[in-house]
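Chemist: Spelled out, the chains give:
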Amino acid sequence: MTGPVIAGRPGQPPRGATTPGPVTARILLPDQSAIRASGLVARRGRTTVLDELDITVPRSICFGLAGRPGSGKSMLLAAAATLQRPSLGELSVLGIDPARDPLAVRRHVGYLPAPFGLPANLRLDEYLCARAAALGVPRDRWEALVETLLNLVGLAGRHAVRTERLSPGARQLVGVAATLVHDPTLVLLDEPTRGLDERDRAKLWNLLHRLLDVGRTVVVSSRHLPELAAGCQEVAMLDSGKVLAQGAPGPLVAQLGGARRIRARLANGAVRTHTVADAAAQAALLRKLVLADVDLVEFAEVPPELDDLSLPEPEPGAR
Amino acid sequence: MSSAKPERSRAVGRPIASIGLRTRMRGVVGPVVVVVWLVVLGAITAAVWLHETGTDQPFRQPRTDPAAIGRAIGQWWIIATTVGVLVLVPVVAAGCIAGAREHHSLAPWRVSLLRPRSIVGGHLITCAAFVLLLAAVATPIAALAWGLGGIGPAELGAGLGCSVLTGLVVACVALAVSSLTRRTATALLCTYLLLGLLVGGSAVLHAASDRSDGRPVDAVLLANPVVVGADAAASTTGHRGAPRAAAADAPIDHLSRLVHRGNHAAGPFDAAWPTTLAAAALLALLALLVADLGVRRQRAR
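Taken in order, these protein sequences are the chains called A and B.
Following the numbering used here, the numbering of the first sequence begins with 1 at its first residue and continues without gaps.
Following the numbering used here, the numbering of the second sequence begins with 1 at its first residue and continues without gaps.
Hints are computed from structural coordinates only; laboratory data are not their basis.
Careful: at least some of the hints might be erroneous.
[Claimed, not checked] Rough simulated footprint, nothing fancy, chain B against chain A, three-plus residues with beta-carbon under 8 Å: (1) 76-89; (2) 98-108; (3) 116-128.
[Unchecked claim] Computed footprint of chain A on chain B; a stretch qualifies when at least three of its residues, placed anywhere within it, have a C-beta under 8 Å from a C-beta of chain A: (4) 18-30; (5) 103-109.
For glycine and all other residues, C-beta sits at the position ideal for the given N, C-alpha and C.
Just chain B, with the same shape it has in the complex:
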């Protein structure tokens, strides 16, 4: 009876991913999140457009150069996408394991041929699909920016790629938290707290840090996913490829200058984001291990 090898290859992760995708996309949460995401992106684009072309500020001439407008829209789009995945991915990921535990639907999977890591992997596939959906929904805005000019596909692609990777890391962290909590709401709150510490904490540390020359330690900002996304996008143009007119207040150009202060000649190979990417990969791996242990922790009443 016990001599036959279980047919694991058939089972790895697929049932969980298939159920996760169907459950998320057929429910209310998935479509609502996508609609909200579209509305927010549209609103940001409209606001940037009005700001760039309007005369709402004194001592400032409205821009008429489409390239400058396109660059501003593109860069705000990259930042919005990164912030968007930071906010929206936990909504889906935090409920994956904690939600199944809360609704008493986890135990049957634990007594199947699926390993705990297959269960976590299945949920990760669900989250990855959601991240890609968010990226796909955001793509038309990027096309608009590219069409206006001032920002190239490499810069947009690097920004989007960084956002997607950020989304995956956030999903891993949220799954780890989800596997350790009993309630979805607790998992969501704890994930937001962790991300808040990462994003807000790095900004606070940056502001509080003080070097001997009186300037803050800018490397602290590399723990911030938004800054890392900006750095990755800017690295494609060597941190100096921005049109002169846009360089004054386009957000990524500003953040990139902040990270590479004192090194204005930094080129693509001097970018700091690969270090952060390696650290994020380690964090994601650690989070997945925690999630695996958390799923194993499933106990009977």
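Only chain A is shown next, with the shape it has when bound in the complex:
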């Protein structure tokens, strides 16, 4: 990124000044956030999808956007990816204003929309090469790039497979690979685990954590809070186009006061789920099960889903 910028030239009066004034210098520190939005408003038709949203996404972390359908997750990601122009407010992506210089943003941002589709009758390497061409990657790097990306998403050696023959999970993984063709600093993934089975989900999260290891910032949206809580360092909860809460997943859930869900797995393989109010009730439940001579092999707290949390109701007429 660019270093600090000093605006104003020492020894010269500000333009328009009639008398020589004091030397003014303003130090503009580089924006340390990956995404910074302030009072962001975005509309779809007459519907306000982002309603004066304020959010800051730090760099070099995996950041989760949780929320129900229509909460504004996709719109926020689309705005950050320059696909959607906000109606009002300020938005900065990697220190760049997407409205002023969308191409600069696109050069450093990878975006996977949801839902994501691949053109039919195309080989995987052809698709990835086309994406590389569209993102200005020099031609001599395409071959190695395709090899690396397919390896990265666990599709090594499947260059010649046609897109329509891929499973939905594999398509999603190709989509993720395609967002990485230009080695972006910021990766925006809108519901990337949608349609993936457990194995592919694990593969994807593994890939995302590898991106963190090399200093990239990953923003992932999902409707499933446990998934984000397990994979992200920080989560923001969106509802009706506003951020309800933001922070580390554990404290965030505690802040929102969700009931605790406890999964108890028995020796015979049966799984029981209990809901308790707090830590004392959780301890009481464990004591009760032990005293009842239940053959317990696992007693674990399950991160709550969004529906388990006591989210504040959106203001009437807000949408």
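Here the structure of chain A is known, so what remains is to put chain B in place on it, guided by the hints.
Modeler: Here is chain B on its own, set in the frame of chain A:
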């Protein structure tokens, strides 16, 4: 970070055109359309041949002059090619942008370094390649007509050129419609409606128009691509170069006489098709601008 200029020159239109061509030609639609096109052209040629050489009509002697048969085949070929591009090009073009939107594959291109006009341009290249393919597939029939005589390469070339230009204009219109609709089927239907209005509407207007001398306004027909193609082909022979025997019912000679009624001495420089060509170029440009705006309209959920 933002100071470096994006490497747009590498990217302009090529990825979209490359994907479009591969997708269309590897899929079912492309080969099926080409096969159907060949069969239809072959059937038309056979029908014209049988009609010209047969004795199926009373009071009509079968033609034995190869030049007259060749002229009839050549002229029907020009008309069939024009009608063919009017019908087949929308099948490919209407699905370009609407299809990508329908299959959720447009957004990744919108967040690339490609400008919307590069995306439209890439799709236009795909459509142009398809039009040229249709023209190339039709060429052997033209060679047959030329071999029989009665029609020259200039006339065939002018007709084919007009068909190709018609195909390109149709592709531009279809892309514009495609960029404004969400579904391929809707885009296809709307494109056919627009073309139907142009072709059928001009014919209806021609029939309904009435000048003071009781004759219809023939200039209305110049909005009809089939008539314009005929006019362009006929202009190469000065509207009077047809063999006398063929002039009676060869379709282009008939249409040309219709457009230039009362001016039988019209020569190559009196042809009306350049005016239509200029109007078509404007229409294509307008359509491309609409398509550009339509691609920009891509919205997030």
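Chemist: Indicate, hint by hint, whether the structure satisfies it.
Modeler: Hint check:
Against chain B, the stretch 76-89 of chain A contributes 7 residues with a C-beta closer than 8 Å to a partner C-beta. That satisfies the three-residue criterion, and the hint holds. For the stretch 98-108 of chain A, the stated coverage by chain B is satisfied: 6 residues place a CB nearer than 8 Å to a CB of that chain, which reaches the threshold of 3. Here the stretch 116-128 of chain A counts 9 residues with a CB under 8 Å from a CB of chain B, which clears the bar of 3, and the coverage holds. Check on the stretch 18-30 of chain B: 6 of its residues sit with their Cβ under 8 Å from a Cβ of chain A, so the three-residue criterion for coverage holds.
Against chain A, the stretch 103-109 of chain B contributes 6 residues with a C-beta closer than 8 Å to a partner C-beta. That satisfies the three-residue criterion, and the hint holds.
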